[in-house]
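Protein chains in written order, with my numbering: chain Z, 1 to 390; chain L, 1 to 390; chain S, 1 to 390.
Mixed in with the good hints, there may be bad ones.
[Unchecked claim] Covered stretches of chain S (chain Z as the covering partner; in silico rule of three or more C-beta atoms under 8 Å from a C-beta of chain Z): (1) 116 to 129; (2) 230 to 239.
[To be verified] No more than 27 Å apart at the CA atoms, straight line, and that leaves these computed lysine-lysine pairs for DSS-like: (3) S:Lys264 x L:Lys23; (4) Z:Lys352 x S:Lys23; (5) L:Lys23 x S:Lys352; (6) S:Lys143 x L:Lys23; (7) Z:Lys23 x L:Lys352; (8) S:Lys143 x S:Lys364; (9) S:Lys371 x L:Lys23; (10) Z:Lys369 x S:Lys23.
[What the hints assert, rightly or not] Calculated Cβ distances over 10 Å to all of chain S for the following chain L residues: (11) Leu13; (12) Tyr302; (13) Thr363.
Bear in mind the hints are in silico, worked out from the structure with no lab data behind them.
All C-beta atoms in this analysis are idealised placements derived from N, C-alpha and C, irrespective of residue type, glycine included.
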Amino acid sequence: MSVTIQLTPQAELSADIPIALGKARHPQYGRYLDELKPGQVFEHPRGFTFTTSNMLTFARTFMQANPLYLNSQYARAHGFDDLPASAQMVFNVTLSLGVQNDSEKAIANLGYYQVQFLRPVYPGDTLRAFTKVLERKDRGPDKPGITRIRTVSVNQRDELVLQYERKIMVGWRGARPPTTPAPDATVAFPSDDTPQLQLPLTGETVSCGLTGPNTWFADFAPGDIIVHANGRTITEEHMALTYLVGNSHPLHFDRLFSTAQSGKMSGEPIVYGGLVFAWLEGLASRDVSENAVWELGFTEGYHTQPAFAGDTVGALSRILAVEDVAGADGYGLVSMQLIGVKNITAAAALEKYGADLFVKEDTKRDAGKDKIADKIFEIERRLLIKRRPR
Amino acid sequence: MSVTIQLTPQAELSADIPIALGKARHPQYGRYLDELKPGQVFEHPRGFTFTTSNMLTFARTFMQANPLYLNSQYARAHGFDDLPASAQMVFNVTLSLGVQNDSEKAIANLGYYQVQFLRPVYPGDTLRAFTKVLERKDRGPDKPGITRIRTVSVNQRDELVLQYERKIMVGWRGARPPTTPAPDATVAFPSDDTPQLQLPLTGETVSCGLTGPNTWFADFAPGDIIVHANGRTITEEHMALTYLVGNSHPLHFDRLFSTAQSGKMSGEPIVYGGLVFAWLEGLASRDVSENAVWELGFTEGYHTQPAFAGDTVGALSRILAVEDVAGADGYGLVSMQLIGVKNITAAAALEKYGADLFVKEDTKRDAGKDKIADKIFEIERRLLIKRRPR
Amino acid sequence: MSVTIQLTPQAELSADIPIALGKARHPQYGRYLDELKPGQVFEHPRGFTFTTSNMLTFARTFMQANPLYLNSQYARAHGFDDLPASAQMVFNVTLSLGVQNDSEKAIANLGYYQVQFLRPVYPGDTLRAFTKVLERKDRGPDKPGITRIRTVSVNQRDELVLQYERKIMVGWRGARPPTTPAPDATVAFPSDDTPQLQLPLTGETVSCGLTGPNTWFADFAPGDIIVHANGRTITEEHMALTYLVGNSHPLHFDRLFSTAQSGKMSGEPIVYGGLVFAWLEGLASRDVSENAVWELGFTEGYHTQPAFAGDTVGALSRILAVEDVAGADGYGLVSMQLIGVKNITAAAALEKYGADLFVKEDTKRDAGKDKIADKIFEIERRLLIKRRPR
Numbered sequence: 001m002s003v004t005i006q007l008t009p010q011a012e013l014s015a016d017i018p019i020a021l022g023k024a025r026h027p028q029y030g031r032y033l034d035e036l037k038p039g040q041v042f043e044h045p046r047g048f049t050f051t052t053s054n055m056l057t058f059a060r061t062f063m064q065a066n067p068l069y070l071n072s073q074y075a076r077a078h079g080f081d082d083l084p085a086s087a088q089m090v091f092n093v094t095l096s097l098g099v100q101n102d103s104e105k106a107i108a109n110l111g112y113y114q115v116q117f118l119r120p121v122y123p124g125d126t127l128r129a130f131t132k133v134l135e136r137k138d139r140g141p142d143k144p145g146i147t148r149i150r151t152v153s154v155n156q157r158d159e160l161v162l163q164y165e166r167k168i169m170v171g172w173r174g175a176r177p178p179t180t181p182a183p184d185a186t187v188a189f190p191s192d193d194t195p196q197l198q199l200p201l202t203g204e205t206v207s208c209g210l211t212g213p214n215t216w217f218a219d220f221a222p223g224d225i226i227v228h229a230n231g232r233t234i235t236e237e238h239m240a241l242t243y244l245v246g247n248s249h250p251l252h253f254d255r256l257f258s259t260a261q262s263g264k265m266s267g268e269p270i271v272y273g274g275l276v277f278a279w280l281e282g283l284a285s286r287d288v289s290e291n292a293v294w295e296l297g298f299t300e301g302y303h304t305q306p307a308f309a310g311d312t313v314g315a316l317s318r319i320l321a322v323e324d325v326a327g328a329d330g331y332g333l334v335s336m337q338l339i340g341v342k343n344i345t346a347a348a349a350l351e352k353y354g355a356d357l358f359v360k361e362d363t364k365r366d367a368g369k370d371k372i373a374d375k376i377f378e379i380e381r382r383l384l385i386k387r388r389p390r
Numbered sequence: 001m002s003v004t005i006q007l008t009p010q011a012e013l014s015a016d017i018p019i020a021l022g023k024a025r026h027p028q029y030g031r032y033l034d035e036l037k038p039g040q041v042f043e044h045p046r047g048f049t050f051t052t053s054n055m056l057t058f059a060r061t062f063m064q065a066n067p068l069y070l071n072s073q074y075a076r077a078h079g080f081d082d083l084p085a086s087a088q089m090v091f092n093v094t095l096s097l098g099v100q101n102d103s104e105k106a107i108a109n110l111g112y113y114q115v116q117f118l119r120p121v122y123p124g125d126t127l128r129a130f131t132k133v134l135e136r137k138d139r140g141p142d143k144p145g146i147t148r149i150r151t152v153s154v155n156q157r158d159e160l161v162l163q164y165e166r167k168i169m170v171g172w173r174g175a176r177p178p179t180t181p182a183p184d185a186t187v188a189f190p191s192d193d194t195p196q197l198q199l200p201l202t203g204e205t206v207s208c209g210l211t212g213p214n215t216w217f218a219d220f221a222p223g224d225i226i227v228h229a230n231g232r233t234i235t236e237e238h239m240a241l242t243y244l245v246g247n248s249h250p251l252h253f254d255r256l257f258s259t260a261q262s263g264k265m266s267g268e269p270i271v272y273g274g275l276v277f278a279w280l281e282g283l284a285s286r287d288v289s290e291n292a293v294w295e296l297g298f299t300e301g302y303h304t305q306p307a308f309a310g311d312t313v314g315a316l317s318r319i320l321a322v323e324d325v326a327g328a329d330g331y332g333l334v335s336m337q338l339i340g341v342k343n344i345t346a347a348a349a350l351e352k353y354g355a356d357l358f359v360k361e362d363t364k365r366d367a368g369k370d371k372i373a374d375k376i377f378e379i380e381r382r383l384l385i386k387r388r389p390r
Numbered sequence: 001m002s003v004t005i006q007l008t009p010q011a012e013l014s015a016d017i018p019i020a021l022g023k024a025r026h027p028q029y030g031r032y033l034d035e036l037k038p039g040q041v042f043e044h045p046r047g048f049t050f051t052t053s054n055m056l057t058f059a060r061t062f063m064q065a066n067p068l069y070l071n072s073q074y075a076r077a078h079g080f081d082d083l084p085a086s087a088q089m090v091f092n093v094t095l096s097l098g099v100q101n102d103s104e105k106a107i108a109n110l111g112y113y114q115v116q117f118l119r120p121v122y123p124g125d126t127l128r129a130f131t132k133v134l135e136r137k138d139r140g141p142d143k144p145g146i147t148r149i150r151t152v153s154v155n156q157r158d159e160l161v162l163q164y165e166r167k168i169m170v171g172w173r174g175a176r177p178p179t180t181p182a183p184d185a186t187v188a189f190p191s192d193d194t195p196q197l198q199l200p201l202t203g204e205t206v207s208c209g210l211t212g213p214n215t216w217f218a219d220f221a222p223g224d225i226i227v228h229a230n231g232r233t234i235t236e237e238h239m240a241l242t243y244l245v246g247n248s249h250p251l252h253f254d255r256l257f258s259t260a261q262s263g264k265m266s267g268e269p270i271v272y273g274g275l276v277f278a279w280l281e282g283l284a285s286r287d288v289s290e291n292a293v294w295e296l297g298f299t300e301g302y303h304t305q306p307a308f309a310g311d312t313v314g315a316l317s318r319i320l321a322v323e324d325v326a327g328a329d330g331y332g333l334v335s336m337q338l339i340g341v342k343n344i345t346a347a348a349a350l351e352k353y354g355a356d357l358f359v360k361e362d363t364k365r366d367a368g369k370d371k372i373a374d375k376i377f378e379i380e381r382r383l384l385i386k387r388r389p390r
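Between the sequences and the hints, there should be enough to build the whole structure, so can you do that?
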């Protein structure tokens, strides 16, 4: 059926409607600590439709070098139905969809844990996201608390695509007005504690000249440190990119908001961390993940310093483990650390800080070490990488 | 058939062709006041093909929160054939297509009137635009005059998609060379004085968790004022966005041109007003139009101050009227004012200026009121909004 | 077939893996002069899939006015299977694909020669690129040398799409570590010395109102100088655009790298020349190529000064030759110079420098003339342009 409306000239109304300031309302999004209850499930707004072009643009913007995310012909030759969205894009979009409920009132994003990518996202797929509040740690009435949440995204067939946990620091509401409530309807939380990843890979390693000669599975051994040559200067572009992935936290694009913050967060808009991670991953990609066919996941991810427009970021990787994969002769698993620095080249940072660069920042106090102010990010990744074709 | 050309090495020619400065020409676009004749019809150049990805990018860039423009699955569930382009994108593109003929020589864009959206624009559609000069008001030989024009866009099936009127301030040509003439061919002007809007809506309100709990038809009552929480800092991105929608006025992207202007327009490139409107509409969207299924139109739209890169814009809405729609039980019409401010939060602007914020700027002198320098935009909108599902 | 992996919680590993600085490696890309051997062939990494949306975005970003690149309906009416990618995009992408092997260690891009566009690139096509080293000119052990290379791109059917030569200035490796070697595998170099261009044109000139009245074949005569009215201020957007086309040279997006250079190249990141060329071509397009149906090629292209964020560029064209095309009554060939200037309008540059603006910069010393510091680019183009419909 359809709806039919006769369009008539639009009468000017505003002068005739009395202006009553008492009828003003101030909708607020995000949740204060008091509003987060363990067990609570949020269905996040909007959803996000993926397209080939926007997937390509994301991969290129963040300096991706893996042809899997840049070249449809290459992706299909490996067994994928079409170009898959990069793990970085799926992660950024899912996290951003949750901001309006989870973290638009957050003071700090404390960490990413047990991020797992469960199936490919293809052009035309639409993701929706859900969050379950797992835990709320109060630290007293005058201190912000910490909440641990689990977020998942599903595609239009309700199949799980991504799941992860985050810890977020959030303040108490205090005298502030409450935020817009979540819908009353109780929704189920889709999640899988023993997920099985099924990839449509051909099983044979496709040989081709579109990747370099030094980035096959056998080229990585535990302990290897790879210093990525190029850096990337972040410009004010980050404000637009924040909303392009759907992130609604004003700290990232509203200078009136960011300058009104107190303490270390006050000043220019802070680059949304997911974008920083994506740039670092892209800078590392031609040295470590050019021949990856899947990113299994991340854990222990921390933004140890904020980034701002004008900062130049650089990256280093350190190999942590290599494993065979049962039933998949052509591939192996590589675990690695990814470290980000800013306003110093990766090579200079390694020279300056040596081994300390790879020590988790939040363990440094106990170890009697100084934190590294030039370091902005640390995470552990786990990738499925092709073996060198015979 | 086809054309075959044997490619041979390209000979270097420039050194052999005499350089004759007398053969220089300076093509100029736009129209001076003397060149605009009531009754004249311009067929605008280029046309504009819409794609899913570019529609999604536009919606996200301008912070759209209505899933209708972000989520193909949601759009189809409501009865649309595919993701529709947002009203903001259709308006921005149509206006921009007309700039080369209508306003590339304009000094100021005075207002938008009776903007009507007549049918959905889908991926793959190509819009072309036409303008008819309705009126030319001379204010003496040494003063710029005002022209009133009517512009429409049609799709590839020549069906009307959008129509509106604009008033523009334009200077006399004087001693300046004439602009590039419009083609001789007389073209018909497609227009519809009694348009009927037919929307492919299912007629039932689709219930889903992708929108918030407070933005259904029943949540709005005349007089309600809604202060939108977040602002958006505009960066130099606006220069690229101007041409992305097809607007060719150099005031928006050519610093040599903008700094050579006299008076208040002189300085940094001015943000194209259509982009400012789109950001304001986006900032308002999660509070007022998340559940809208159609934007019927706008009227009395004025850019009361220019915006520049670096400005942070914020928005407020005021509900003007709510109406039932005959034969469409699931929907209602909501009319509202949209007000934009800059470099002050919407909340602070309401506190500072109170009711005066909602009074049309061009009526203030007669009412003995001061104009509000922080206010950048005002318009009245009319939206078709879903009723809360039972 | 498929690969199945049981996902288990990702153990934190980094603290248990000893940090051995001796296992650090520093992969380097590009080639030093010593590493470039005439006869050598590089297969370039990644490849690049074209999409309608990204082609439209490229055309609009660079201010293209030819509807052929903006309007699918128009492109099909002329005989093309679909919207073709603009010559500028195909050139920029092909050149950028080669940077990692050809020029990521280059000091300067000296010139473009015999650029030939051999067939349309359509949405869904994937280009790969190859380079053959033609010549290496050493100028002594303490001076950078010059290499001449030939690059081609092919589509997914291995059909040649573009071929051209470049000269690049590259330094000796000296004590620096070698770059990542090219794969051992010898690859054939696809190339065509007597290419035949076959265009799917209808052969009849389609009349329509989407282009202006003054840009048909008959409107151009040798010696004509066309001063393009608008300029474009380049913003920091150029850093993102560089990687969007796939160019990996850090000089364009890594401020730590650019400021560490010595001499005239030291400072802010330099705009990748391909982008500058694309903007100049776009600025010229509504005056000279609105009615073009094919860009046959370019030659003698030189970036005579670098451009930086904040610069405003302008363009002039000078017609060099007009020719009939055997067997294609509806079209003619127009050769023209394209000249770019910065931080001066094109009109002011013509007034200031007169005929010297069109004299090749590298011939000026011999002619006893000064180089023009405001001039940034010069090239000769050859276009197939529609004749005015009867």
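Now the hints, each set against the structure:
1. With 3 residues carrying a beta carbon less than 8 Å from a beta carbon of chain Z, the stretch 116 to 129 of chain S meets the three-residue requirement, and the given coverage holds.
2. For a cut-off of 8 Å, the count of residues in the stretch 230 to 239 of chain S with a CB near a CB of chain Z stands at 3, and the three-residue condition holds.
3. Between S:Lys264 and L:Lys23, the direct Cα distance comes to roughly 37 Å. Violation of the 27 Å bound is thereby established for this hinted pair.
4. Simply put, Z:Lys352 and S:Lys23 have alpha-carbon atoms about 16 Å apart, close enough for the 27 Å limit, and the pair holds.
5. With a CA separation close to 16 Å, the supplied pair L:Lys23 and S:Lys352 stays within the 27 Å bound.
6. Among the hinted pairs, S:Lys143 with L:Lys23 is inconsistent with the structure: their alpha-carbon atoms are about 44 Å apart, more than 27 Å.
7. Only pairs whose Cα atoms come within 27 Å are accepted, and Z:Lys23 paired with L:Lys352 is accepted, the gap being roughly 16 Å.
8. Between S:Lys143 and S:Lys364, the direct Cα distance comes to roughly 24 Å. Compliance with the 27 Å bound is thereby established for this hinted pair.
9. A C-alpha spacing of about 23 Å is found between S:Lys371 and L:Lys23, which places the hinted pair at or below 27 Å, so the restraint holds.
10. Restraint check: the Cα-Cα separation between Z:Lys369 and S:Lys23 comes to about 23 Å, which is no more than 27 Å; the hinted pair holds.
11. L:Leu13, annotated as away from the interface, has a beta carbon of chain S within 10 Å; the closest lies near 4 Å.
12. Under the 10 Å C-beta cut-off, the non-interface status given to L:Tyr302 relative to chain S holds; the minimum distance is some 26 Å.
13. Consistency note on L:Thr363: stated as away from chain S, and its beta-carbon is indeed over 10 Å from all of that chain's, at 36 Å minimum.
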